[in-house]
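A.B. asks: The primary structure of each chain is shown beneath.
There are 2 protein chains.
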Amino acid sequence: MDAGFYVPVRIIGGENCVRKGAQHFAAYGRQALIVCGKSAAQNGALDDVKAALAANGQDAVVYDGIPQNPTVASVFTGARLAREYRADFVVAIGGGSPMDAAKAIAMLACQDAPEGLFDHKITSAVLPMIHIPTTAGTGSEVTPYAIITNDEKQTKQSISSPALFPHVAFLDGKYMATLPQSVTVNTAIDAISHAVEGMLSVRAGGMSDLFAKQALTLLFGEYESLLAGSYTPASRQNLLYGATLAGMVIANTGTSPVHGMGYSLTYFHGVPHGRANGLLLPNFLKECEKIWQGSTRKIFEALGMDAQEFAQRLKALLGRRKKLPEETLRDYAARAAKNKNIRNCRVPFTEENLYTVLKRSVG
Amino acid sequence: MDAGFYVPVRIIGGENCVRKGAQHFAAYGRQALIVCGKSAAQNGALDDVKAALAANGQDAVVYDGIPQNPTVASVFTGARLAREYRADFVVAIGGGSPMDAAKAIAMLACQDAPEGLFDHKITSAVLPMIHIPTTAGTGSEVTPYAIITNDEKQTKQSISSPALFPHVAFLDGKYMATLPQSVTVNTAIDAISHAVEGMLSVRAGGMSDLFAKQALTLLFGEYESLLAGSYTPASRQNLLYGATLAGMVIANTGTSPVHGMGYSLTYFHGVPHGRANGLLLPNFLKECEKIWQGSTRKIFEALGMDAQEFAQRLKALLGRRKKLPEETLRDYAARAAKNKNIRNCRVPFTEENLYTVLKRSVG
Numbered sequence: 000m001d002a003g004f005y006v007p008v009r010i011i012g013g014e015n016c017v018r019k020g021a022q023h024f025a026a027y028g029r030q031a032l033i034v035c036g037k038s039a040a041q042n043g044a045l046d047d048v049k050a051a052l053a054a055n056g057q058d059a060v061v062y063d064g065i066p067q068n069p070t071v072a073s074v075f076t077g078a079r080l081a082r083e084y085r086a087d088f089v090v091a092i093g094g095g096s097p098m099d100a101a102k103a104i105a106m107l108a109c110q111d112a113p114e115g116l117f118d119h120k121i122t123s124a125v126l127p128m129i130h131i132p133t134t135a136g137t138g139s140e141v142t143p144y145a146i147i148t149n150d151e152k153q154t155k156q157s158i159s160s161p162a163l164f165p166h167v168a169f170l171d172g173k174y175m176a177t178l179p180q181s182v183t184v185n186t187a188i189d190a191i192s193h194a195v196e197g198m199l200s201v202r203a204g205g206m207s208d209l210f211a212k213q214a215l216t217l218l219f220g221e222y223e224s225l226l227a228g229s230y231t232p233a234s235r236q237n238l239l240y241g242a243t244l245a246g247m248v249i250a251n252t253g254t255s256p257v258h259g260m261g262y263s264l265t266y267f268h269g270v271p272h273g274r275a276n277g278l279l280l281p282n283f284l285k286e287c288e289k290i291w292q293g294s295t296r297k298i299f300e301a302l303g304m305d306a307q308e309f310a311q312r313l314k315a316l317l318g319r320r321k322k323l324p325e326e327t328l329r330d331y332a333a334r335a336a337k338n339k340n341i342r343n344c345r346v347p348f349t350e351e352n353l354y355t356v357l358k359r360s361v362g
Numbered sequence: 000m001d002a003g004f005y006v007p008v009r010i011i012g013g014e015n016c017v018r019k020g021a022q023h024f025a026a027y028g029r030q031a032l033i034v035c036g037k038s039a040a041q042n043g044a045l046d047d048v049k050a051a052l053a054a055n056g057q058d059a060v061v062y063d064g065i066p067q068n069p070t071v072a073s074v075f076t077g078a079r080l081a082r083e084y085r086a087d088f089v090v091a092i093g094g095g096s097p098m099d100a101a102k103a104i105a106m107l108a109c110q111d112a113p114e115g116l117f118d119h120k121i122t123s124a125v126l127p128m129i130h131i132p133t134t135a136g137t138g139s140e141v142t143p144y145a146i147i148t149n150d151e152k153q154t155k156q157s158i159s160s161p162a163l164f165p166h167v168a169f170l171d172g173k174y175m176a177t178l179p180q181s182v183t184v185n186t187a188i189d190a191i192s193h194a195v196e197g198m199l200s201v202r203a204g205g206m207s208d209l210f211a212k213q214a215l216t217l218l219f220g221e222y223e224s225l226l227a228g229s230y231t232p233a234s235r236q237n238l239l240y241g242a243t244l245a246g247m248v249i250a251n252t253g254t255s256p257v258h259g260m261g262y263s264l265t266y267f268h269g270v271p272h273g274r275a276n277g278l279l280l281p282n283f284l285k286e287c288e289k290i291w292q293g294s295t296r297k298i299f300e301a302l303g304m305d306a307q308e309f310a311q312r313l314k315a316l317l318g319r320r321k322k323l324p325e326e327t328l329r330d331y332a333a334r335a336a337k338n339k340n341i342r343n344c345r346v347p348f349t350e351e352n353l354y355t356v357l358k359r360s361v362g
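Chains as they are written, first to last, in numbering that gives the first Met the number 0: chain D, 0 to 362; chain V, 0 to 362.
Read the hints as simulated data drawn from the structure, not as lab findings. A hint or two may mislead.
Copies of the same chain look alike in the list, so a pair counts if it works inside one copy or between any two.
Said to hold, decoys possible - Cross-link-like lysine-lysine pairs, in silico, PhoX-like; alpha carbons within 25 Å at most:
(1) 49 x 173
(2) 297 x 173
(3) 19 x 339
Please construct the entire structure, taking both the sequences and the accompanying hints into account.
C.D. replies: Here's what the structure looks like:
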């Protein structure tokens with residue numbers, strides 16, 4: 000049944016909201032560990048956070064050692080830092096990688112995980128977190144998930160717990176002003192994928208579908224900006240709100256086999272996460288419709304376009320794609336078939352169905 | 000600035016969600032106080048709650064002594080009952096009156112308020128609450144407010160605290176199947192008013208405006224049903240989701256002078272709350288535009304209609320209205336001018352402006 004809708008995150012939005020909303024940092028203690036990528040210093044977010052903390056008389060240390068697609072080692076290192084510094088809370092600045100890593104760090108700062116990150120049973124003891132996205136895509140600022148690279152299993156894998164919801168999310172599109180066009184497009188496609196995948200979840204419901212629809216309206220409302228690579232502050236903010244709404248969707252529904260397949264493209268070929276989803280999404284929807292006629296109707300109604308137009312629009316954004324050999328596709332289908340996302344989809348996918356999607360998308 | 004967006008309520012929606020979601024009651028203890036109006040036994044909600052509790056081996060007593068527009072005495076009585084019964088949590092079933100009263104009861108069950116309900120400083124010690132709306136209007140299931148009648152001040156007055164957010168809200172439109180047409184219309188208008196007033200709040204922001212817009216789309220999407228008094232299960236569910244989204248808006252923005260003026264119509268003339276708002280809303284918007292040109296533009300853009308069409312549509316739903324004498328209108332304007340809602344509105348209203356709205360609406 001409908002899993003319901005639960006997002007216990009305080010969302011603060013609008014231009015300069017971090018500095019204007021400094022009081023929202025005040026409740027969480029004296030010392031913050033700031034977890035960020037290297038770009039946080041360039042886009043102004045790190046300065047804004049430091050100014051907000053200083054205004055409250057709070058101290059901070061910065062940990063910017065999170066690689067793209069965060070490793071297990073990097074989050075254990077961050078957690079050790081948090082413990083040594085006796086951090087009271089964590090501030091995450093960045094795209095999905097720093098934001099997800101910050102969740103694992105905030106957890107590991109309070110919980111030993113001798114059995115390893117992915118086998119650890121997460122309890123509610125987690126440092127409070129304040130998340131500041133600097134890309135508009137992942138939605139991590141409003142989800143209870145952290146996606147970390149699992150080198151043992153050669154994939155990206157999520158850890159999940161209600162305790163991993165950030166307490167506060169600041170949404171200021173100005174931090175995206177300096178994003179490369181490819182990152183803007185790929186992350187927007189990630190958000191589109193979240194909204195679409197959420198509508199196909201076994202846990203989708205009336206409320207999550209409303210959010211998904213609103214997200215798609217906002218994101219495709221900026222389609223011309225995405226295509227032209229030209230953004231006003233308002234269009235940046237729309238993309239960000241769209242991504243956050245799509246994040247609220249997957250926070251409640253989870254994702255689909257698109258993510259399951261996409262992880263291989265990212266892990267083995269370095270395809271950016273959003274791009275990987277976008278490459279697969281149109282053929283995934285076609286396969287859904289082949290397996291279960293009518294299963295994607297509500298999605299195209301929400302999008303206000305048909306499957307063909309949707310595929311063309313994504314294609315125009317994604318550009319040229321690399322082709323992968325047959326045996327590689329078979330391998331990735333087998334890997335994706337083992338991902339729990341499979342069971343989360345209303346449409347029952349076999350390994351053969353997954354292969355078909357991969358073959359048509361990147362074969 | 001933008002107050003942000005925070006609704007830490009788990010929302011469970013869809014047909015038969017109370018029975019299907021029985022597990023969501025389980026976490027809150029062994030004994031529940033059920034607070035409801037007299038209709039809860041008729042619309043099936045009380046039976047569903049009892050079945051869900053029984054499935055978990057939980058016990059309950061029912062307190063159905065809440066009058067329309069709940070009195071202070073009735074909530075103190077309910078709190079005494081909760082203490083005597085050692086209730087672990089409160090389940091509220093009904094429209095705004097039982098749902099709001101339940102919040103005050105859940106609070107007073109844990110907190111003495113020797114200084115009186117309205118002067119008491121609410122702490123976080125409040126019994127957990129599960130709210131089940133049986134009208135689609137108030138949005139109380141997702142707000143931190145309880146509106147209680149203050150006979151000393153001869154008005155309705157809100158108490159407010161983050162601790163008054165329910166933990167869970169179940170949204171099932173089937174409980175509205177037996178609602179009288181007038182109640183369906185008046186409560187839908189209440190929800191419309193919430194969305195519109197929220198957009199005019201000093202605390203309105205990009206995120207709350209998105210929710211307001213979505214609420215108005217859902218609510219006016221059922222305009223023909225409201226006019227005809229003919230509802231499908233889907234239209235009942237749309238009205239309910241619309242009302243809940245509008246509730247999420249005012250949870251973050253608060254209401255406007257429309258509510259401030261409406262309380263007098265309800266307190267002194269028994270005009271149902273939603274109807275009172277609806278009578279005032281069109282002329283309130285006209286006055287906003289007179290005071291500050293352009294202040295209502297985003298509202299009519301969200302509605303997809305102009306001020307005249309909006310006024311005509313509400314008029315068609317509201318029907319004949321009673322007229323009040325001059326001195327009464329002056330009195331109500333003076334009372335409304337003292338309400339804190341005034342300061343919550345982006346458009347600065349004087350007592351004279353309020354009088355003009357009252358005069359044009361019910362004069």
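A.B. asks: Each of the hints needs a verdict: does it hold here or not?
C.D. replies: Quick rundown of the hints versus the structure:
no.	hint	verdict
1	49 x 173	within (17 Å within a copy, 51 Å between copies)
2	297 x 173	between (33 Å within a copy, 23 Å between copies)
3	19 x 339	between (41 Å within a copy, 24 Å between copies)
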